[in-house]
Amino acid sequence: MLIQYNYMLKNISPPSNKIILPLIFQQTGCTSQHWRPLIKLQSDPRVFQGSLFQKYPQFSTTAVNDASHGSSIQKDMINVTFVDKDIEEKNIKVPVGMSMLEVAHENDIELEGACEGSLACSTCHVIVMDMDYYNKLQDPTDEEMTCWILLLGLQRRKSHLGCQIVARPELDGICLALPAASRNFAVDGYVPKPR
Amino acid sequence: MYKARAWLSRSFTALSSNPLRVCVVGSGPAGFYTAEKTLKAHQEAQVDIIDRLPTPFGLVRSGVAPDHPETKIVINQFSRVVQHERCSFFGNVTLGSSVSLSELRQLYHVVVLAYGAESDRALGIPGEDLIGVHSAREFVWWYNGHPDGKNLSPDLKSTDTAVILGQGNVALDVARILLRPTEELATTDIASYAWTALEGSSIRKVYLVGRRGPVQAACTAKELREILGIKNLYVHIREDDLIKSPTDEEEMKNSRIQRRVYELLSKAAASASSQPMLGQRELHFVFFRKPDSFLESNERSGHVSGVHFEKTALKGGGPGKQYAVGTGEFEDLDCGMVLKSIGYKSVPVNGLPFDNHKGIVPNIRGRVLKNISGDSSQVENGLYVCGWLKRGPTGIIATNLYCAEETVGSISEDLEQGVLASSSGLPKPGREGLLQLLDNRNVRPVPFSAWEKIDSEEKRLGSLRNKPKEKLTTYEDLLKVAT
Numbered sequence: 001m002l003i004q005y006n007y008m009l010k011n012i013s014p015p016s017n018k019i020i021l022p023l024i025f026q027q028t029g030c031t032s033q034h035w036r037p038l039i040k041l042q043s044d045p046r047v048f049q050g051s052l053f054q055k056y057p058q059f060s061t062t063a064v065n066d067a068s069h070g071s072s073i074q075k076d077m078i079n080v081t082f083v084d085k086d087i088e089e090k091n092i093k094v095p096v097g098m099s100m101l102e103v104a105h106e107n108d109i110e111l112e113g114a115c116e117g118s119l120a121c122s123t124c125h126v127i128v129m130d131m132d133y134y135n136k137l138q139d140p141t142d143e144e145m146t147c148w149i150l151l152l153g154l155q156r157r158k159s160h161l162g163c164q165i166v167a168r169p170e171l172d173g174i175c176l177a178l179p180a181a182s183r184n185f186a187v188d189g190y191v192p193k194p195r
Numbered sequence: 001m002y003k004a005r006a007w008l009s010r011s012f013t014a015l016s017s018n019p020l021r022v023c024v025v026g027s028g029p030a031g032f033y034t035a036e037k038t039l040k041a042h043q044e045a046q047v048d049i050i051d052r053l054p055t056p057f058g059l060v061r062s063g064v065a066p067d068h069p070e071t072k073i074v075i076n077q078f079s080r081v082v083q084h085e086r087c088s089f090f091g092n093v094t095l096g097s098s099v100s101l102s103e104l105r106q107l108y109h110v111v112v113l114a115y116g117a118e119s120d121r122a123l124g125i126p127g128e129d130l131i132g133v134h135s136a137r138e139f140v141w142w143y144n145g146h147p148d149g150k151n152l153s154p155d156l157k158s159t160d161t162a163v164i165l166g167q168g169n170v171a172l173d174v175a176r177i178l179l180r181p182t183e184e185l186a187t188t189d190i191a192s193y194a195w196t197a198l199e200g201s202s203i204r205k206v207y208l209v210g211r212r213g214p215v216q217a218a219c220t221a222k223e224l225r226e227i228l229g230i231k232n233l234y235v236h237i238r239e240d241d242l243i244k245s246p247t248d249e250e251e252m253k254n255s256r257i258q259r260r261v262y263e264l265l266s267k268a269a270a271s272a273s274s275q276p277m278l279g280q281r282e283l284h285f286v287f288f289r290k291p292d293s294f295l296e297s298n299e300r301s302g303h304v305s306g307v308h309f310e311k312t313a314l315k316g317g318g319p320g321k322q323y324a325v326g327t328g329e330f331e332d333l334d335c336g337m338v339l340k341s342i343g344y345k346s347v348p349v350n351g352l353p354f355d356n357h358k359g360i361v362p363n364i365r366g367r368v369l370k371n372i373s374g375d376s377s378q379v380e381n382g383l384y385v386c387g388w389l390k391r392g393p394t395g396i397i398a399t400n401l402y403c404a405e406e407t408v409g410s411i412s413e414d415l416e417q418g419v420l421a422s423s424s425g426l427p428k429p430g431r432e433g434l435l436q437l438l439d440n441r442n443v444r445p446v447p448f449s450a451w452e453k454i455d456s457e458e459k460r461l462g463s464l465r466n467k468p469k470e471k472l473t474t475y476e477d478l479l480k481v482a483t
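Note that the protein sequences, when read in sequence, are chains D and S. Sequential numbering from 1 applies to the first sequence in this note's numbering. Sequential numbering from 1 applies to the second sequence in this note's numbering.
The shape of chain S in the complex, shown without the other chains (with noise of 0.2 Å):
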């Protein structure tokens, strides 16, 4: 049945000579699996995807940590999507700054916003932002090269103590890159300026401080394996943390990952030593504490020297739904550095519907919705959410995968019931109308082209060094390979 009713839409818009115009704002997974769903689905659609960058491809090429390369050869795919006759990029367009939402609405039949999530959580409690304290998103922004990263400068020479708080394969990844000897990081992708400070670094010891227990660590088996598995790395799990709760075996009976993970961390907790060895490293998994402020220095003001944390105990709701509640008993943990880990949040963009509390865009299906309250009725046509912005910043790559075959499903519902612009034949500007709109702001978008010059030139600077590539991290630089 949905095969007819593709068919009919497809040869409607190929009658017509007025081509479904897309415009996709955010060129990470999300944004190019719904680009090419779109390029299958229409074929006369032409999809521009936009990205405030220079540089496409979103956390794929800022979130992936450096070691693990082959989580970035989804890149090929993603190139071969914006290859196509049909499809574009261009870089270096903000939206709200280069081109307002409205304006995108009037050129575009339809916009799918896949900006993902570049903000954080906050835990709001005091000391917050005490220097030394930094959320793990620009901490693998930093590492990663990111041109909004760079700045961050952590200090890693003043302290030989990190606390991370959460323990989320974001937690997991930015613990392995503090703990594994750098010359396994030489040759990655890894941005120069992080190796250099990663080597200097005096920090030796690493917590990953959960809220709850270890049968609710958010982490996966394939990151726990691979941490733990560092060389020379001291592993502290306390013994009485392992202790399950009837509720925490049921929990598992129904979660094979959640059944890995903790049976990694209970071999990893019976076969460590002691005591660590002179030298070692060491990673310690700390649970069942909630961070209740952040602790001021008495030497250095301004700076965090610890975590005050209140142990919790998990009450009732039922497996999956145990959740942690302060026992009033404390606990300080001395540090020189906190990594907040504990979720991005996504950014509000001018006239857009926004669940502050949710941190996503209030939508049905992809479809965005005129307001919070979720009536099904109240949608803004023409405007959908993918990837993040979406569901909220959870999953993995291939999450996106289902996430677009959803939203360009809706996508083509629409257009087959009319409900769109194109349907009733009103031809939209499209990619001609945006370049030129973007040419009267004097905004110089990036074309794929010019990204190609750009990868190249970080795979020729890379090959000087023994790196995949070596990436450029300044705007400036970007720009100026690109042009």
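This is chain D alone, in the form it adopts within the complex (with noise of 0.2 Å):
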């Protein structure tokens, strides 16, 4: 099954080598149980004009093997599974110090940045799918509080902003969502008044 993802409104021009590996079935442990497609993506390292992003060297999927603990994963790198609005799930490695905003936007998945990751917009904001994981994050700051809190519908216990959730060795395998277009757009629960 053939993802399409909109990548050409988010670049000046497509990426020139975009490569979509065979298909390779795994156990993948977020939604369910059963065996799933899992499906990656490489994609040129891209420069965001203006942003505050960090340029990061392209993902690999080839392991570099730590040979004396026989690890499959690179030891800077943490697997993070997104899960859109579709249910559908796309496992990401990543490298340690990248936040998920750019994981996001590295890898063609829908999170919205407005503010490119300054702190001035709710709109990157994820939902972490285990407590213990979020359980892991820092507190969210003053500042990012007052962000997120001007959207309804946020699940205020389990929700972040993508841009200041940054990779760490602790955070493997963690399973963040992205959240459902709300309907109900009033700041913080507000219904006006009918006048």
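Treat the hints as calculated values from the structure; they're not laboratory data. It should be emphasised that the depicted structure is a prediction, and the values quoted were computed from it without experimental measurement. Where is the CB? At the ideal position from N, CA and C, for every residue including glycine. Don't take each hint at face value.
[As the list claims (entries may be wrong)] Calculated pairs, SDA-like style, for lysine to any residue (alpha carbon to alpha carbon, straight line, at most 25 Å):
1) S:Lys40 <-> D:Pro179
2) S:Lys72 <-> D:Thr141
3) D:Lys85 <-> S:Arg365
4) S:Lys267 <-> D:Glu144
5) S:Lys231 <-> D:Asp142
6) S:Lys72 <-> D:Val166
7) D:Lys158 <-> S:Arg260
8) D:Lys90 <-> S:Ala41
9) S:Lys72 <-> D:Glu110
10) S:Lys40 <-> D:Asp108
11) S:Lys40 <-> D:Lys158
12) S:Lys72 <-> D:Asp108
[To be verified] Covered by chain D, according to a simulated footprint, are these stretches of chain S (three or more residues, beta-carbon under 8 Å):
13) 63-74
14) 388-400
With the hints as a guide, bring the two chains together.
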């Protein structure tokens, strides 16, 4: 099953070599216990003009094996799974230090990021699916809180700004769900009085 | 289920040689999010965004305060939308004079009105047109270099006191610009003439006046924290105003935002010294005051010299529904300038149903209705609204994200159900037709590439003065660089 990504909207020129690897079936742990196709994408490193992102080397799915531990995961990479509104899962290897917003944009995941990570909006909020992982995240700063309390429909106990979640070894295996479109867009539950 | 239907409508237009032609009127956040989502949902759709200004981006350019540059970063995302091959921007095209609404509906399958709110709610009290009484909207346009704002020329030299009516984020913005040390504004994209005027300003006291109490204040914590943190600013709030009723407590329990705002205000009240120090600028939060009339100066006829307020009390309705009622007691505040920040209002257009009371176009989920009565069977085919014109002038930039999703969702449904002309096979002239019509009328649209020239020139001029950009503030200058 091919999933179309609207990379055209996010790039000035389409990436020149987008490779879709053959479907590999693997058990995924996030939403179900059955075997699901695991689809990986490689993308060119892209520069976002005017953005505050750092550039990262191209993701590699060929692991650099740590011979002494026999680990199949590169030491400074962790696994992150994104679940979109159609419950499609995308499993991505993420270098430590990269924010989830950058990860999403590098992998054509439809995460909004209006202010590109400068804590001036709330459009990149993600839902952390597992409480254990949520507890591993640092508490949202005051600044971050004032961003995301402005939007209705957030599951406050599990929501976080994607631009503020930075990949660390402890977050290996974290599962982040993209919020469904909210139909209720009043500021924090305010229902306009019929005038 | 929706995915299957969406695939069907996409494949329908892909099979026909009759692409969906969409015109979005207004290039602010509502317009751009609508365009972006339309392009994504319909792989053959052609989207044209028009704006009456030569410059795009609406209030992101002309409303967001100069000292909030991070809020403007979304311009990058919007620029990427226009650079899409199926999308075009045409500035300098005015709905009504360059092209009428009915003409647009003939040229395009879908017209989405996203032109926001360019007027103000009126107080309707005596003295409202005295010199020195301005709307905050115009003042914001003035310091942001909007070509329609330049001639406001507010007099900042003949008074030391400004009264701002309203306590929302716009009110806080204008208060902050008046009170902030000008050296902090020197390196922003504030209009030069505004910076010069502020440099020479004699205003030292600003009053932010609300009809109701601190629990009902419409501003949000981030903005409030920012203004309370201005260097060397004396902040005054009456302790009595902070007393909460049980209904107030209930309101605060239900709203985290209100709680944080109230906490910030009470903290500020508690930590304020009793008197301002010599030379300190002052910010006063005044609650429970309703403007009754504006007072005319005896020395300068025709100029405002103060505001006559009626004290108010809150009355029933339950939490979230308390309203201010006059108590019959009055109080005056002397001032030489008043900024009304009580809400923007949309402007109707010929041929468009309009709800004057709410200031919006009657609609259901973005589909324009033929009249205000709200009968959902009376829909104007092919005509939609998004943004403030649809919802009223509330929310933040991101609010339009969801608003656009809803409107584009309605468009997709209508397309799939065969309601729109494109599904019945009628091609529409779209972009080519619009450009031909404009050419016949001698209207020169400003394409996005021309905006990029304006943008480069503004950045170049800005670099000479250590500013991110020096805005061009007249139509002549903008059009000269554009062509």
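Going through the hints against the structure:
| no. | hint | verdict |
| --- | --- | --- |
| 1 | S:Lys40 <-> D:Pro179 | 18 Å, holds |
| 2 | S:Lys72 <-> D:Thr141 | 22 Å, holds |
| 3 | D:Lys85 <-> S:Arg365 | 21 Å, holds |
| 4 | S:Lys267 <-> D:Glu144 | 21 Å, holds |
| 5 | S:Lys231 <-> D:Asp142 | 20 Å, holds |
| 6 | S:Lys72 <-> D:Val166 | 24 Å, holds |
| 7 | D:Lys158 <-> S:Arg260 | 20 Å, holds |
| 8 | D:Lys90 <-> S:Ala41 | 21 Å, holds |
| 9 | S:Lys72 <-> D:Glu110 | 21 Å, holds |
| 10 | S:Lys40 <-> D:Asp108 | 13 Å, holds |
| 11 | S:Lys40 <-> D:Lys158 | 29 Å, violated |
| 12 | S:Lys72 <-> D:Asp108 | 23 Å, holds |
| 13 | 63-74 | holds (count 5) |
| 14 | 388-400 | holds (count 8) |
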